[in-house]
Structure formats: C-alpha cells, structure tokens
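Colleague: Got chain A sorted already, so can you dock chains B and C with the ligands onto it with the hints?
Residue numbers (our numbering), protein chains in the order written: chain A, 1 to 418; chain B, 1001 to 1213; chain C, 2001 to 2330.
Since the hints were derived computationally from the structure, they do not count as laboratory data. Treat the hints loosely; a few may be bogus.
Just so you have them, the derived chain B footprint on chain C, three or more residues with Cβ under 8 Å [stated by the list, open to error]:
| hint | segment |
| --- | --- |
| 1 | 2099 to 2111 |
| 2 | 2127 to 2136 |
| 3 | 2160 to 2171 |
| 4 | 2295 to 2302 |
Here are the simulated lysine-lysine pairs, DSSO-like style, with alpha carbons at most 27 Å apart [to be verified]:
| hint | chain 1 | residue 1 | chain 2 | residue 2 |
| --- | --- | --- | --- | --- |
| 5 | A | Lys44 | C | Lys2326 |
| 6 | C | Lys2309 | A | Lys44 |
| 7 | C | Lys2197 | A | Lys363 |
| 8 | C | Lys2326 | A | Lys399 |
Being a predicted model, the structure only gives us computed values, none of them experimental. Every residue, glycine too, gets a C-beta built ideally from N, C-alpha and C.
Okay, here's what each chain looks like letter by letter:
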Amino acid sequence: MSNVATQVIDHFVSQVGAQAATWLQSCVHCGECAEACHFYEVTKDPRYTPAWKLEPFARAYRARKAPFAGVRRALGLAKEPDEAELNEWQELIYDSCTMCGRCTMVCPMGIDIASLVGLARKSMAANGIGPEDLFAVAEKSREVGSPLGVTPEKMEERIDWLSDEHEVDIPLNKEKAEVLLTISSIETMKYPQSIVAMAQVLNHAGIDWTFSTKGYEATNFGVLSGKADVAKVMIERIVAAAESVGAKTVIIPECGHAYGALRWTGAMMLGRPLPFEVFHITEYLAMLKRDGKLKLKPMDDAITYHDPCQISRRGGATEAAREVLDGFATGFREMSPTGNANWCCGGGGGVAAIQRATPLRLKVFEIKMKQVEDSGADIMVSACANCRQTLDGGKEHYKWDREIGSLVEIVADHLVKA
Amino acid sequence: MSFLEFTEGPLWYVALVVFSVGVAWNIIGILAMRVRGDSAVPRKSPVAGGIKAIFLHMAPHGGFFSRTAYHVIVGYLFHLGLFALLLFGSFHVAFIKEWTGLSWTPLPRWGFIIASEVAFAGLILMWIRRWTDPITRQISDRDDHIGTGLTMLAMLTGCFALGEASDGLRAVHMLSVELLMLYFPFSRLMHAFTFIFSRYFMGAAYGKRGYVP
Amino acid sequence: MSIRSFLLLLALVLGAAALPGPTLAAGEGATAGQVPGESLGNTSDADFWRAVREGQPQTISIPDREAAVLIQSEGENWRNIRNGPISTIGGWLLVGVIILVSLYFAIRGRIRITGGRSGKRIQRFTQMQRVGHWFVASMFILLGSSGLVLLYGRYGLPYLIGKDGFATLASASLQAHNLFGPLFIASIVVLFFTFVKGNWLSRDDIGWIAKLGGFFGGHASSRFYNFGEKNWFWMSMSLGLILSVSGIILDFPALLEDRYAQQLAHIGHAASALVFISVGLGHIYLGVFGVEGAVEGMTTGTVDANWAKDHHDLWYEEVMADEAAKAGGE
Ligand code: SF4
Ligand code: SF4
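Just chain A, same shape as in the assembly (with noise of 0.2 Å):
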C-alpha cells in the first residue's frame, strides 16, 4: 500500500492543535452548513456539504490523533483514507471551497470550516495531491516572484509604461517612504488601470510612498494551494521590501485573500511579528477620507459593492468599503444579503485559477447575478481583483448587461483635481 496516504494523515493530523481538535470533534452533522455554502446553493449536491467536504480528514483525526484513537484503531472501528479516496476529494478540498467562511456563520457549534480546509489542502499539497494547474501557478511565484510570471523586470516595464500612458507619477524602488504599496499580479496584467487608480489617489492625498521590486506581489498562492514554503518564500519577500525602504505601513492593493495572508496570518509565518502596520487598500481610503485628505465628487450612478469575503467576514473590514462610499456615492444600495453574510464570488481561495472548476464558478454566478438585480444596481464594485475577475468571466458567459468595477478605480474617477 502506497504511502502517500499515509503522509497526507500524519502530515495532517501534525497540524491539527487544540482548536482544529474541537472543530473536527463537534460537528454534529446537522447539514446546516450546507445551507450557507455557495456550491451546495446552486447545486443541490449533497457532496458539497461543507462537512462533508473534511469528512475523510474528520475521519483521519479519529483514527490517529483524537483522544481514545488508540481504541477505536484496535477495535476497527477507523478506517483511514487511502490515497484514490483522497484523490476523489480533491474535487471537495480545492475545486468546490473558496474558504469563504460563510458556513461557519450557520454552524451551531461555530466551526471554522475555512481553517479546516486550509488545513487539509496542506497536508494534500505537501505530497503533490490537488489540481495541477493552481500548483503550477503557486511554484511559478516561487520561482519568479508573481503567481502570473510577473518578474521584477516586467514589473519595472509596466510600471514605467503605466505612468507614461496615464501619465501619473508611479514611485518605483525609491530609496526611503513611509508607505509600500503592493499589487496583484492580476492587476498588473488585467486591470493595470487599478494600478494607476492607487497611485492616483495616494498621490492626491500626497502620501509618501512606493513601490519595491524587492517585494510587490501580495497575492498569495503558497496559502490557496496550500504550499506552506510558497505562502512563507511570499511574506518574506515583501517584509524585506519594507524594511529596505523603512516603510512602517503596507498597503494591500484589491485582493482579499492577500489580506488575509499578510494581515491575519503573515506573522506566524515570519515566526515574528511584523515590522509594519498592515492595511487593505479600502482601509486605507477609509482613513485618508477621515483624514479629510480624500476630496471627491459627487457619483450618483446605481451603484452596489461585493464584499470579497476575505475583507469583510474574514477580514474585519466591512466597514471600510461603506465608509468610503458614504455621502460620495449617493446612488449606492446593498445587495441583500451583504456585508458580512455576503455570498462568494465563487472564485476565491484559488478556486479561479483550476481549470475544471470553472462550469461549477459559473453556476454560482447566478447568485450573484439575481443579487444584483434585485438590488436594481447598474454597476458593482469590488475590492478584490480576484473576486472581480471571476465576476467577469461570470458576466462575459452569461453576456450579463451590468457593469462591474472597482472600487479605488471610481474613488480615483472622481477625484476633485488640486
């Protein structure tokens, strides 16, 4: 018997500390997460019951690590996953969770479903089981620094073609500044116009601040693939970045899942804490308008703003976004639900990047859709290039007539020029 199996288990259970053992030991199988979960919605798939999703690691802890395992192993009464089952539940582990976080919302026992697949998608990726092509892309940013082969060479390219055609001042590699500014290498190369947004905005509320091609990738893909040396090779690279320039703030462009991975979870990586405050990109608008450093004209377009789940449920900046839009855009109107108990793009936790996740993307799209509709808004704006990307592919499949955006580009639209 092959041991890959094996190795997933014991890698698995190696991890799992006091608060996994209580999620993984409570779940009464009441099913009611499956009503939270986007994949469950618009599938009716029973299988894609979030518990369901864990059960052969569930299954796993029992046998090896839960106290009285050793009883229930010299009774039979565990069996372990072997390699093909574990095989079947790449499809439940990767293709079909976005670590969104909405079913811990509905759980009576409050488990962190989300942290239980991060969990699992470790143990699965240190012994090479997932989809191929999310892999490809986290040891593409290993090798050369972004997810979409965006080397420091063509970052500097881009940069200097950005500011010539939009011509914006963009500080790259500037010796000293308080603030470092990152991107998502899905905004370098499909929304580079929310590169030139930032580097308006900031530029108005004359922030000291640049760019380092020492470190400027923030998504990270080591987290969603669950490659732990990527997820630390990225966090690394921009903490040098920072102390290389002395910037004791980083900015976190759209992109929720880098949030998360710097902000919520970057020090554990470091192993110390890091030597910056950390702030999304809506965060920061947040606190430049407080400041009165953001002037902005009036927008009264119909507008409604996705909460990328890694922001708002498990970000803790909900607000930020409202905050921003408040009395500046006077056509704004929430998706119902919103906020916090938002529903997915259904593209998160590098679930947009696999290939024969797509059909399954798509179907979730028709939430969102509806959501908007009912919500009678023209456009929806994200904060999450990824979210916004996987709403695209959404909008060009279905040809849905509605915009979507972002949400620092209309801030950076209606700035009152000095």
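Modeller: The following block gives chains B and C with the ligands in isolation, referenced to the frame of chain A:
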C-alpha cells in the same frame, strides 16, 4: 443481588466512572494539544470574540433563520425538553438528592409530562430529518444513529417507568441510561461539552480580525 | 424452500390454526342466584337484583355523584363488548390482513419497476410531508404496539413472561400509550394539512376502481395519488379523529364525568385502532416491501421516473409537461 441492585450498584458505578473519566480525558486530551500561536496585531479582543461566539451561536443570525428554522426549532424542543425532564423530573431530583444531598423543587407531574413530550417530539423529528434530508443522509454515520438511538432508548425506558409500578422498569431505565453514559465519551455526544471550546476558538480567531461570524 | 413458498405455508398454517380465542367472560365465576362472596343470605331474589341492574341513581349523602348508582351495569356490557366482539373480530381482522398480504406476496411477488430504473429522479414528497409522515408513523408504531399489549397481552403474555412480567409490561405500555397520545393528535393534524392536496376524489378514480387498481394485472392510471391511497388518507384521517377524541376522553376522565361516555370512548378507540392497524399493515407492506421503489419517495423525497410512469402515469405526464414548459421558457 437483584437486577435493580445491580443496575443501581456496580453497573452504576462503572458507568459513572467511565462517563466522568472519559469526558474529562477527552476534554483534557483536546486542550493539551498545541494551541496555534497567532502573533498578528489584533483589531479587536480575541477573548471578547470567543465569548461572543458562544452566545451568538445559540441562535441563528446573519439572516439564516428561515433556512435553518426546522433544525433550530426541533433542536431546541429536544434540548430544552431534555434538560427540563432530566434536572427537574421529581424522580431525577430524588435520585440526585440520594447521591449528592442536593435538591431543588421538581416540576409537577403535568410539567414533567409536557417536558417529556416536547423532548420526544424534538428527538424524533431530528432523527427523521437525519433519514429524510438528502444533506443529512449524506453526512450521517453510524455514530450519529447510535447516539440518537441510545438517547431515545433511555428516554423511552424512562417513560415506561413513569407508573413507578415495578423495580424491573426502573432497572431497565437505569440500564439504558448506563449504556448511554458508557457510550457518551467516545462519541459525537461529546458535543455537549466541546461546543463551548469549538465556538470559543472560532470566535477568538475571528474576533481578533474584527468580526465574529 | 424459497421465501415465497415459506410465506405461503405460513399463511396457510396461521389461517388454519384457531386463534388463541379469548373466552367470553359473561358471568365469570358466578352461578345463577348466587351472591358472590361471604355475604349474609347467600341466595337472592331475582326482583331485587333486577332493580339493582336498572342502575337508577338513589339518594346518597357523599358528593361523588357516581356513587349514587349501586351497580353500573352497562359496565358489564362494556366489558363483554371489549373482551368479546372487539377482541375477537379485531384479532381476526389483524390475522386476516397478515394472511392476505402474505398470500398476495406469495402469488404476485414484489412488484418490480417495468423496464428497470431509468436513473432519472422526480421530486415526489416535500421535506415537510416526509417529516409529517414519519412522525405519524413513529407514533403509529409506539401507540400501536403499546395498545396491542394492553388489549391482547392478557391472552398470551402472562404465560410467556409470567404474571409479574406482564404486569410490568402492561404498566410500561400504559405509560407510553398515554405519553405519546397527545403527540399523535398533533401529528395527525399536520399530516392532514400536508397531504390533503391531491387527495380529493376525482373522475380518474373510476377507471382505477374498474381495473381493481391493477392489483390483479393490467394497468390502472392515476394522478399523484390513486384511489387506494386516497382511501387510506381519508381513512387515517377519520380514524385518527375518532382515536384522538376518544383518547382525550379516556386520558382526562374528569372532562365529562360520565362513565357511559368513557365506555363508549373506549370501545370506539379500540375498534378504530384495530381497523387502523390492520389497514396500516397493508400500507406498510405496499410501501416498504411490495412495490419496488415506492419507499424512496418517502425517504429521499424523489422517485425513479419509471416508477412514476408505472404507478402514477397521469402525474408523471404532468411533471414532464411542466419540465418541458420550463425548459422552453428559458
Ligand atoms: S468556506 Fe465557503 S466555500 Fe468553503 S465550504 Fe464553507 S461556505 Fe462553502
Ligand atoms: S453546520 Fe457545523 S455542526 Fe452542522 S454539519 Fe455543518 S459543520 Fe457540522
């Protein structure tokens, strides 16, 4: 030794010891595992988040009530009915007094009957859902059914003994309760204790980030 | 021996063997004109006892109204009916149904889905209906078995488990019966509302009756429910109503303070329960064993399309038409 003496004597001690040592061992076993350190700068107090989660998850929130109403209502019927009859049934109060010296005012008989009916209705309705909802059919396993079955059995034999007509019925009830106690620490029934830690840990982790889901 | 021939044999044996017939209890232990017990004057005159049997209330000085009647002689009639016709006929009814069902199974076997399963599932019962159904079903089992112990236990169980054993079992059954009764009442109300739609009689039923439901070959068309199922629904509802009302009277004697009403309620309760259980056995047989694929509708909520075609073709066509309309609309 009569059957009743056996179930109220040696077997009762065994069940009590296995139950209490088992539950304690289980909880200590979990808590002794490494608690993952988290050195991120908190936005809000993790402790407050943890405590909030314990209470928050007692009731549906975030707009989920309509979707989970069946389970919430039926779950509460069972649990409240069970606590009422377990702690306030006159036989149970007398039994507890005999063993601990502590006593309090029991429910009148009609109150006890209503509590039992509520508890039975809740338990049966939860079990039915387990068998008939595609989601719970998918995720339920042997442990779920054994746990529910033993609980049902203990309640049924309790109901049989309501007439207080014979030692036999009392002994059968004792026996079924002891079976339940012997099974408890090794099963998902442990959620009765672990839910507090589970919610707390989640609330602490999330609360630190600013929002407790 | 195949299971089918075994059951055939069993049915014959059961049918041939006499029931452990309850003996009629009329005038147990008394000889004509004899006064029971050690009372003075151990002969009596017929007129005196006739007057007592009239049951006319006389003047008394204690508050208990019932004590004014020296002997409530309807009690004797009640006892005779309960232990006589109710027990006997009911017993035969139960055994009869078991024999019939076994014979039917032996001859016809399990009714298979024509052409096997299609793999396509059609939604049949909602979650609410399934819950309502199984809740009533669990009450049916709990109340039915405890009730049967109370009615028939005395004829066999004391010999099997001893008098004390039976006394214990009877006490247990009585407690369970009383405890679950109110839950049954609540559940039957829910059942009415969740199942009444589609159970009204309609013209299609005539065809079904004419073909004897297809039980003896041939195909009988039907909509969501066939005539047999509709009957079962209305029967359960009316028997459920009688059981509920009489059950309440029996559980709370203080409500009516009328012994005669108690006796009537008791007889109604027992008689309707026996009919309910007998027909219920047939229902269980058809639902769980007799018809392949039927029980799934009540567990998972969905049935195989070929099953629907076989048993509820008109409904099947409606569902298909709906689906086509929906697909066309998109
Ligand atoms: S974290 Fe989100 S995607 Fe994953 S199982 Fe829960 S609800 Fe579904
Ligand atoms: S809601 Fe929570 S307790 Fe219920 S099945 Fe899902 S994870 Fe388990």
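Colleague: Verify this for me: three or more residues of the segment 2127 to 2136 of chain C with a beta carbon less than 8 Å from a beta carbon of chain B.
Modeller: Coverage by chain B holds for the segment 2127 to 2136 of chain C (5 residues, Cβ < 8 Å).
Colleague: Need the status of pair lysine 44 of chain A, lysine 2326 of chain C: alpha-carbon distance at most 27 Å?
Modeller: OK: lysine 44 of chain A and lysine 2326 of chain C at ~18 Å, within 27 Å.
Colleague: Straight-line Cα separation of lysine 2197 of chain C and lysine 363 of chain A no greater than 27 Å?
Modeller: Distance ~34 Å between lysine 2197 of chain C and lysine 363 of chain A Cα, so the pair is violated.
Colleague: Take a quick look at whether lysine 2326 of chain C and lysine 399 of chain A sit within 27 Å of each other, Cα to Cα.
Modeller: holds (21 Å)
Colleague: Can you confirm whether chain B covers the segment 2099 to 2111 of chain C, using C-beta to C-beta distances below 8 Å and requiring at least three such residues?
Modeller: violated (count 0)
Colleague: Apply the coverage criterion to the segment 2160 to 2171 of chain C and chain B: a residue qualifies when its Cβ sits closer than 8 Å to a Cβ of the chain, and three qualifying residues are needed.
Modeller: holds (count 5)
Colleague: Given the proposed pairing of lysine 2309 of chain C with lysine 44 of chain A, does the C-alpha separation stay at or below 27 Å?
Modeller: Within the cut-off at roughly 25 Å; holds.
Colleague: With a C-beta cutoff of 8 Å, work out whether three or more residues of the segment 2295 to 2302 of chain C approach chain B closely enough for the coverage to hold.
Modeller: holds (count 4)
Checked against the numbered hints listed earlier, the structure breaks hints 1, 7; every other hint is satisfied.
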